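Taking the hints into account, I'd like the entire structure generated from these sequences.
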Amino acid sequence: MDFTLLLLPHVVSRLEDCTSPSSNYLSSLSNPAGPRIAYKADAWYNGIMNTRSLPPGLQRDRALRLFIEKVRRLPRPPEMIVLYGSRARGDHRPDSDYDLLVVLTEKDGQTIDELYRAVQEVELETIRAISLLIRTREQYEVARSRGERVLRDAEQEGYLLWSQSYGSAFELSGTKEKSD
Numbered sequence: 076m077d078f079t080l081l082l083l084p085h086v087v088s089r090l091e092d093c094t095s096p097s098s099n100y101l102s103s104l105s106n107p108a109g110p111r112i113a114y115k116a117d118a119w120y121n122g123i124m125n126t127r128s129l130p131p132g133l134q135r136d137r138a139l140r141l142f143i144e145k146v147r148r149l150p151r152p153p154e155m156i157v158l159y160g161s162r163a164r165g166d167h168r169p170d171s172d173y174d175l176l177v178v179l180t181e182k183d184g185q186t187i188d189e190l191y192r193a194v195q196e197v198e199l200e201t202i203r204a205i206s207l208l209i210r211t212r213e214q215y216e217v218a219r220s221r222g223e224r225v226l227r228d229a230e231q232e233g234y235l236l237w238s239q240s241y242g243s244a245f246e247l248s249g250t251k252e253k254s255d
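Numbering (this note's numbering), first residue to last: 76 to 255.
Hints in this document: simulated from the structure, not taken from any laboratory. Careful, some of the hints might be misleading.
Simulated restraints on C-beta separations [unchecked claim]: (1) Pro169 x Tyr191: 17 to 25 angstroms; (2) Arg148 x Arg168: 29 to 37 angstroms; (3) Arg147 x Ala204: 20 to 28 angstroms; (4) Pro131 x Ser220: 29 to 37 angstroms; (5) Arg221 x Pro169: 29 to 37 angstroms; (6) Pro131 x Gly184: 31 to 39 angstroms; (7) Arg137 x Glu213: 32 to 40 angstroms.
All values derive from a computational prediction rather than experimental measurement. C-beta atoms are modelled at their ideal positions from N, C-alpha and C, and glycine is treated no differently.
In structure tokens, the structure reads:
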């Protein structure tokens, strides 16, 4: 079973200290200029962020697909979007919201407004609640270094849905949208 693995720069630094065959393979894919995409069934990631492919239920999730489709059309899309919380863990109820960590390259009021507009449109169309946690890259790194729980949870249980460098996780995993 193949899946997509995105190597973020902070992951590569942790892999350099490892000697497992998977970590050696993943380290060989690293690039100082940014993340690389690899397809590897036995990927080892040291608990930074969940790199499994999206489960089938999330691959077909209409609210997530609509939101990511709107994000990709933004003039200045976020650096990354991560699904975390109960929907990522798989222990959600039907009325649970979608918790999304959104990391922007820099603070940009227009992009933030457009993100919330996209949330409103998706919520109206799907009758699903979406909660955004928006951070700049700098704020994210500072909070990460402090071990803030919400970011730790997002990194340990979250699914990377969007990367500015590589686009949508739905495209990367080769999934097709299921019609309702």
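* At the C-beta level, are proline 169 and tyrosine 191 separated by a distance inside 17 to 25 angstroms? -> For tyrosine 191 against proline 169, whose Cβ atoms are near 24 angstroms apart, the range 17 to 25 angstroms holds.
* To do: Mind checking the hinted window 32 to 40 angstroms against the Cβ distance between arginine 137 and glutamate 213?
  => 33 angstroms, holds
* Evaluate the given range 29 to 37 angstroms for the C-beta pair formed by arginine 148 and arginine 168. => 31 angstroms, holds
* Indicate whether the distance between the beta carbons of arginine 221 and proline 169 respects the range 29 to 37 angstroms. => 34 angstroms, holds
* Could you see if the CB distance from proline 131 to serine 220 stays within 29 to 37 angstroms? => Cβ of proline 131 to Cβ of serine 220: about 35 angstroms, so the range 29 to 37 angstroms holds.
* Could you see if the CB distance from arginine 147 to alanine 204 stays within 20 to 28 angstroms? => Holds - the Cβ-Cβ distance for arginine 147 and alanine 204, about 22 angstroms, lies within 20 to 28 angstroms.
* To do: Mind checking the hinted window 31 to 39 angstroms against the Cβ distance between proline 131 and glycine 184?
  => 37 angstroms, holds
In this structure, none of the earlier numbered hints is contradicted; all agree with it.
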